[in-house]
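**Q** Which chain is which? The protein sequence lines are L and H, in order.
For what it's worth, full-length UniProt numbering labels the leading residue of the first sequence as 1, then goes sequentially.
For what it's worth, full-length UniProt numbering labels the leading residue of the second sequence as 1, then goes sequentially.
Some hints here could point you the wrong way.
Derived pair list, reagent style DSSO-like, types lysine-lysine, alpha-carbon separation capped at 30 Å [claimed, not checked]:
1. K276/H / K138/H
2. K67/L / K67/H
3. K98/H / K67/L
4. K147/L / K276/L
5. K276/H / K147/H
6. K138/H / K250/H
Hint data in this document are derived by calculation from the structure and do not stem from the laboratory.
Model, not experiment: these values are computed from the prediction.
Protein chains: 2
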Amino acid sequence: MLPRGRPRALGAAALLLLLLLIGFFLFGGDLEYVRPRGAAALDGDPPADRGGHNLSDCVPPRPLPPKCELLHVAIVCAGHNSSRDLNTLVKSVLFYRKNPLHFHLVTDAVARNILEMLFHTWMVPAVGVSFYDLEELKPQVSWIPNKHYSGLYGLMKLVLPGALPPDLARVIVLDTDVTFASDIAELWALFAHFSDKQVIGLVENQSDWYLGNLWRNHRPWPALGRGFNTGVILLRLDRLRQAGWGQMWKLTATRELLTLPATSLADQDIFNAVIKEHPGLVQPLPCVWNVQLSDHTLAERCYSEASDLKVIHWNSPKKLRVKNKHVEYFRNLYLTFLEYDGNLLRRELFGCPSPPPPGTEQLQRALAQLDEEDACFEFRQQQLTVHRVHISFLPHEPLPPRPHDVTLVAQLSMDRLQMLEALCRHWPGPMSLALYLTDAEAQQFLRFVEASAVLSARQDVAYHVVYREGPLYPVNELRNVALAQALTPYVFLSDIDFLPAYSLYDYLRASIEQLKLDSERKVALVVPAFETLHYRFSFPSSKAELLALLDSGSLYTFRYHEWPQGHAPTDYARWREAQTPYRVQWAADYEPYVVVPRDCPRYDPRFVGFGWNKVAHIVELDAQEYELLVLPEAFTIHLPHAPSLDISRFRSSPAYRDCLQALKDEFHQDLSRHYGAAALKYLTALQQPPGPA
Amino acid sequence: MLPRGRPRALGAAALLLLLLLIGFFLFGGDLEYVRPRGAAALDGDPPADRGGHNLSDCVPPRPLPPKCELLHVAIVCAGHNSSRDLNTLVKSVLFYRKNPLHFHLVTDAVARNILEMLFHTWMVPAVGVSFYDLEELKPQVSWIPNKHYSGLYGLMKLVLPGALPPDLARVIVLDTDVTFASDIAELWALFAHFSDKQVIGLVENQSDWYLGNLWRNHRPWPALGRGFNTGVILLRLDRLRQAGWGQMWKLTATRELLTLPATSLADQDIFNAVIKEHPGLVQPLPCVWNVQLSDHTLAERCYSEASDLKVIHWNSPKKLRVKNKHVEYFRNLYLTFLEYDGNLLRRELFGCPSPPPPGTEQLQRALAQLDEEDACFEFRQQQLTVHRVHISFLPHEPLPPRPHDVTLVAQLSMDRLQMLEALCRHWPGPMSLALYLTDAEAQQFLRFVEASAVLSARQDVAYHVVYREGPLYPVNELRNVALAQALTPYVFLSDIDFLPAYSLYDYLRASIEQLKLDSERKVALVVPAFETLHYRFSFPSSKAELLALLDSGSLYTFRYHEWPQGHAPTDYARWREAQTPYRVQWAADYEPYVVVPRDCPRYDPRFVGFGWNKVAHIVELDAQEYELLVLPEAFTIHLPHAPSLDISRFRSSPAYRDCLQALKDEFHQDLSRHYGAAALKYLTALQQPPGPA
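Looking at chain L on its own, in the form it has when it is part of the complex (with noise of 0.2 Å):
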């Protein structure tokens, strides 16, 4: 990178001495300036920092920002595989950043859903977010002719100095589809080199696309020589807007589609245009801070020569599967980041004071009072951790919502992603899926989706993914998760190991509409449910073949065995002969699988790890006096499987069991002070012993 040659070593002296002559003038009051960053190093404060083996010696020009600066940084991000990829560059920002970020970010309104979920559950201290809609600001560009596969989103960036609030002077722009390997701080610190002419800094392409003649009537867009990426951006807001950028680049952008029939590359066509006309507004930028990844890149002349880089772009369609013979070297800088616990980013910033995120100190007061001696402490702390939510994790595309549909809902872990093929064979309606996951996992989960023809095939299928955080599984909480993001009026509360009879989706709809159901009526549906032993097993097509296999041991009522009074108020006997609905009775530890309104009771979070879970649900449901109508023509059968790993390390300990005690009396406790006298025979029937099953 140094000057090569002896013509060039002289002008760079020549320039030296200039530049001292001028940091003499510029800075020669300013040695105060430097020399207490000398002192500081004594008092703990390295010596060498950021390459300063004495800091005095050399006076560059401010290496970082002031310490607690807030830096801002603009991403426009549509759709649920953007959101993901948003996701992966904000974990590897926050893994360096010293700095209280704030980002702007504009979206359309399946990124905003997802993104506004999945910052308020992240709790990232000194992080603020703020959403600009991206619907609102399209007509500034939509008249723009463009080829990009980026369509319309990639042109966005070119609006930002009006969208963004009108008081913000500075802001980092990237694309989603860079990973950071440095402290964004260090970027930030680059707009200290603007002259007082630039508005925007950026990297040199590094490729020759611009160039032209690559191939017979290659004609790009106006760049200076190779022109610039605008995968990374530094942008002066306050200058541009001073500049009239709006009217500016539009004006460019208008006169060279006179000739051109339209962008190739989105904004960076019309951002090109306007430096090659206005040299001076750029600030150009060193090339480790916008890796470029595609194909036919150069970027290998800069990264070869740094030591250091910076800012990896995946700016090739191919992603990651761009050929390039240090692919795998980038790569796997990028996979750090994707397959990256989101959580060890809750870390506070030290020294720089900043308003928690919403609900953290009441959180912390709560966890605080915990008593770390209590021998439920483990249950306190895992039912008042904040699990970081990404719904819709995996596009989803639900049908526009019909009066009587029904949404499975269920919630799995890693060892039952089997189940899904058989459960999308099964019910070819709607679902909403909680899944609970490292984000690794989420990685694992995505290739197995795209690797499945069945649940590729599946629009209706929204995957909602709960970062695992603590050692006790959040069952309630997940089905809460997948509960709220129901869109249809009825939903179905189902257990994964469970595939319901066939016919049930369209046998449930039609009895919602024959039943003359309606969203206020309280009503659940009970769905019967049942069990098989065999771990091979044809699945009954119909309530008679069900009852054959009932009669011939093959098939049991659920839980026969161990936990008859579970499902005995289904009464089994009389659904045998039952043509037409039936109303039953609550009792004690009745746990149906149920349909029930979108808009019931949730599940009671408190229940933790595994055990009365869904009776608690069930009790609410009674408490606020839901009628329990039983199907005669539905059924749901579950399958044989091991403990998973959540239950069997837990089951088998007295102490858990204390605690699952410990949860109830709570529960009953609650319920008595919500419904008082009429929450009194839930504590009765606890106490007499369960009945004949």
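Fit chain H to the supplied structure of chain L, relying on the hints for placement.
**A** Leaving out everything else, chain H in the frame of chain L:
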């Protein structure tokens, strides 16, 4: 797509004019200034780097070591747990490093065994490793009475100047309980600050220990002020040798031990006593290079002012459970590297030519020869993958080998962890188990074992972690890892979903003795295999009970329904009646579970994914003329389970089956090559339809 309509065109023209005028005023004189920078940028030369507007602004005197300088690190490491710590420490160093590194590891036999395999299979470019025998060095320090929890190992740091190669001039010495949060080259750069007399770089102690009077009769060793912490040391070995370090510390230690009963903090007491006597030896390092997290630490003074933490030191015996109000922050940094996928660190160092790790070149040639369009590309790639192996991941104390002893050998992944407790109950003897896990899963596994009373109690079960990489399950490679680590003369080659008869371990040893086998004799004892399709199942306690269950249809011979030829040659009818071992002949597709001498043929690692992996091994045994003897009282039973993710992902794919066929064909070709005409029978047998089961 030209702009439509005259008004727009007119407006645009007016705007253009306006902007040209604005441009003239704003940027008029600047074009000259801008152009040279633009030109420089076009050469791919970043105009600014490391925060410099222009590198020539600033002449820093070597901020970091020369780009490719080899940095040396010494670590003392003994035992299983320390080896795991070292792995985490090395991951944190490698994550940030940009220089070639050489690790000098002073180890006991256990750690050496583990770490040699770990580094050998890790294959990190530009990383060298040397081992030094801790036992040999022990006599130099074993005379020192010591009360610190690190035992003699801590003291070992004193003898490094003599133990490391005489031409090694500088080394960074690290405790295994430190975590890096920065590039180790920045630490190495601090050597440049040593005066001519300084030989040791250390960070001040962040506790009041050496001030004394913490309690009545608290009399610490002498130290300068708070003294220094020896978790992170820079050693000028050349000067230490010249200064007669070996004599110097011994003299001081001997003198102090006249009045003090023992060292309390091992080497640290002695280093401090020497420094107190010769203060000119020490170069104090910035506190951020050793942030000490004890209960009573003063570290907060350090990190609350520094924006940058460089190295964290878990120097409390409580480690991560230490009470410190910011412990969550530090814990997160530690967990980052604990769970970090070490495979991602196999990335090359750009621009630092260094000899590739042994085997790499051959591997890369083989990988380069693969055809990406080949339908079996994934298989070929997986076969060539070198998996990182961490043998004896948990403490393990094998009994001294006994002549007829048998080790149960098996492999598993996360979804079979639940089997371990049952397996321990069924097999009271030694086991060697390979686990295919990610780094994060390995930590889950560790917690799982710690939480289980049954598993924690066993000292004779060795767990070998093979880190996941690639899409296909390397079943035979896993088996080979477990097999290679078995320490008894015989091995029982089992699968994780089988539970052996409670009596099997004793019965096998007795049979081996009665049959007067010795490990020279090529014999494979067949353990007949059965299966239950019921999820709940009461295990037969004798052959008679097993036969009763077989007759009642509760048990079947293994894979009776889908693959009878796999076990037909065992001749179950004969087994019913047999009182003594009987010989059987190999037949196509036979895959019994066998007990063989430890030096039996390895499994063929070309079989990745699922299918035919055991069949090929039995063919190999037969080709080497192993005698197959069925034991009349032996049995093992397969438990039902849902198909694992690894199986279900591929079982349905026709391409998968085609590739399996290709693997079989190649296996047979190799067989002919090795065994000549004798191998013909395997090919012929394959072409016959299987006989009646």
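**Q** Confirm or reject each hint.
**A** Here is how each hint holds up against the structure:
1. K276/H / K138/H: Between K276/H and K138/H the Cα gap is close to 26 Å, so the pair holds against 30 Å.
2. K67/L / K67/H: 28 Å, holds
3. K98/H / K67/L: Holds, because 26 Å separates the two Cα atoms, which is no more than 30 Å.
4. K147/L / K276/L: OK: K147/L and K276/L at ~21 Å, within 30 Å.
5. K276/H / K147/H: Cα-Cα ~21 Å, so holds.
6. K138/H / K250/H: The given pair, whose Cα atoms are some 14 Å apart, holds under the 30 Å limit.
In the structure shown, no violation is registered for any of the earlier numbered hints.
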